[in-house]
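S.K.: Sequences and hints are given; from them, build the entire structure.
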Amino acid sequence: MLDVLGLDPTDESVYRALLGWPNSTTTMLSDLLAAPHPDVDKALSRLVEWGLAIRSTGEQFTATPPAMALGALISRHRDRLRTAEQALVSFAEQHRAAMTGRDINDLIEVVTGVDAIRHRFLQVQQAACTQVRSFITAPFVAVPPEQNSAEPAAIGRGVRFRAVLDRAVLAEPGIVADAIASLRNGVQLRVADQLPMKLVLADADLGLVPLTLTPAGEPGAVLLHRSGLLDALDALFETVWHNAYPLNLTSNDGEPETVAESGPHGPTDLDRRILTLLLAGLTDQTAAAQLGLSPRTLHRRLRNLMDIAGVQTRMQLGGYATRRGWVDSH
Numbered sequence: 001m002l003d004v005l006g007l008d009p010t011d012e013s014v015y016r017a018l019l020g021w022p023n024s025t026t027t028m029l030s031d032l033l034a035a036p037h038p039d040v041d042k043a044l045s046r047l048v049e050w051g052l053a054i055r056s057t058g059e060q061f062t063a064t065p066p067a068m069a070l071g072a073l074i075s076r077h078r079d080r081l082r083t084a085e086q087a088l089v090s091f092a093e094q095h096r097a098a099m100t101g102r103d104i105n106d107l108i109e110v111v112t113g114v115d116a117i118r119h120r121f122l123q124v125q126q127a128a129c130t131q132v133r134s135f136i137t138a139p140f141v142a143v144p145p146e147q148n149s150a151e152p153a154a155i156g157r158g159v160r161f162r163a164v165l166d167r168a169v170l171a172e173p174g175i176v177a178d179a180i181a182s183l184r185n186g187v188q189l190r191v192a193d194q195l196p197m198k199l200v201l202a203d204a205d206l207g208l209v210p211l212t213l214t215p216a217g218e219p220g221a222v223l224l225h226r227s228g229l230l231d232a233l234d235a236l237f238e239t240v241w242h243n244a245y246p247l248n249l250t251s252n253d254g255e256p257e258t259v260a261e262s263g264p265h266g267p268t269d270l271d272r273r274i275l276t277l278l279l280a281g282l283t284d285q286t287a288a289a290q291l292g293l294s295p296r297t298l299h300r301r302l303r304n305l306m307d308i309a310g311v312q313t314r315m316q317l318g319g320y321a322t323r324r325g326w327v328d329s330h
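Read in order, the letters of the sequence shown correspond to residues 1 to 330 in this note's numbering.
In case anyone wonders, no lab produced these hints; they're calculated from the structure. All values reported here derive from a predicted model rather than from experimental measurement. Glycine residues also receive a C-beta, built at the ideal position from the N, C-alpha and C atoms. Some clues are possibly wrong.
[Stated by the list, open to error] Label-pair distances were calculated between CB atoms; the ranges are:
#1 Ala177 - Leu229: 32 to 40 Å
#2 Leu229 - Gly71: 23 to 31 Å
#3 Glu218 - Pro152: 23 to 31 Å
#4 Glu49 - Ala232: 53 to 61 Å
#5 Pro295 - Arg184: 23 to 31 Å
#6 Glu49 - Gly20: 45 to 53 Å
#7 Pro9 - Gln60: 18 to 26 Å
M.R.: Shown next, in the form of structure tokens:
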């Protein structure tokens, strides 16, 4: 309990014993606590030094009243904490000044090769304390989404994940199943018409931007540390995120999806996935392939949803589904 004040467990137990047994000797306390004599003797010396005990001429010890002794000790620690806080402000200013004058090579690291990019990609996520944000585009050169082992580990630490998918990514084999798994783990996903680049941001401290192939034919990337350029990418992500379409493909109960027909009062979870993918811009054929349906089945379910909504066109169905909360909206 008193370790925050610098007392170890032996110090605290000896002090507690003195409170109940004034005028005790080292031998008496050693027997009372069943502790080695040298350990008790050292603890008593420390207590006397800190003003928590008084030594008499007869080698007897008495505890100083807690309100007075511990109060003074707490006050000293508060003073030290205030001094540390002042030092923190000074160090932060010194760091900002140093960062402002850093060489460009200290702020930007060029990474070359698939293995090096994969290593940095995982490191950036492992370094995050609060959030990871990313732009996901095809093709997947270094780390396909299903192989991102750092994501579940970071989520377990309480890190928040937000990702914007390029619409073309949704046509990649297996990507919808991977998106469903990520959504169930708490990842927030949105879809944009087209993304300008791949991007991974860890808090506001690190950013990884994959580049085109190097002249030697190897993939490259740049790792950015805190700088004006990283701030610009931070702002870019938030702007794109705000304008992107929310993607929600999870079922209500988390169980495997069935292909039951729509009920008389609303869509099934599979219907919601169909609507979400079509509203995100996928073609009928691509959406059907991602969900393991035939185009004919997809068309039949859409027709059934239009009958439930009482509309004639898909555009009307999209508006109705958004208003009724069948799919997520901005």
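S.K.: The structure should be examined with respect to each hint, and the outcome stated for every one.
M.R.: Each hint tested on the structure:
1. Ala177 - Leu229: 32 to 40 Å: holds, 35 Å
2. Leu229 - Gly71: 23 to 31 Å: violated, 52 Å
3. Glu218 - Pro152: 23 to 31 Å: holds, 29 Å
4. Glu49 - Ala232: 53 to 61 Å: holds, 56 Å
5. Pro295 - Arg184: 23 to 31 Å: At 27 Å between Cβs, range holds.
6. Glu49 - Gly20: 45 to 53 Å: violated, 22 Å
7. Pro9 - Gln60: 18 to 26 Å: holds, 23 Å
In summary, the structure is inconsistent with hints 2, 6 from the numbered list given earlier, while agreeing with the others.
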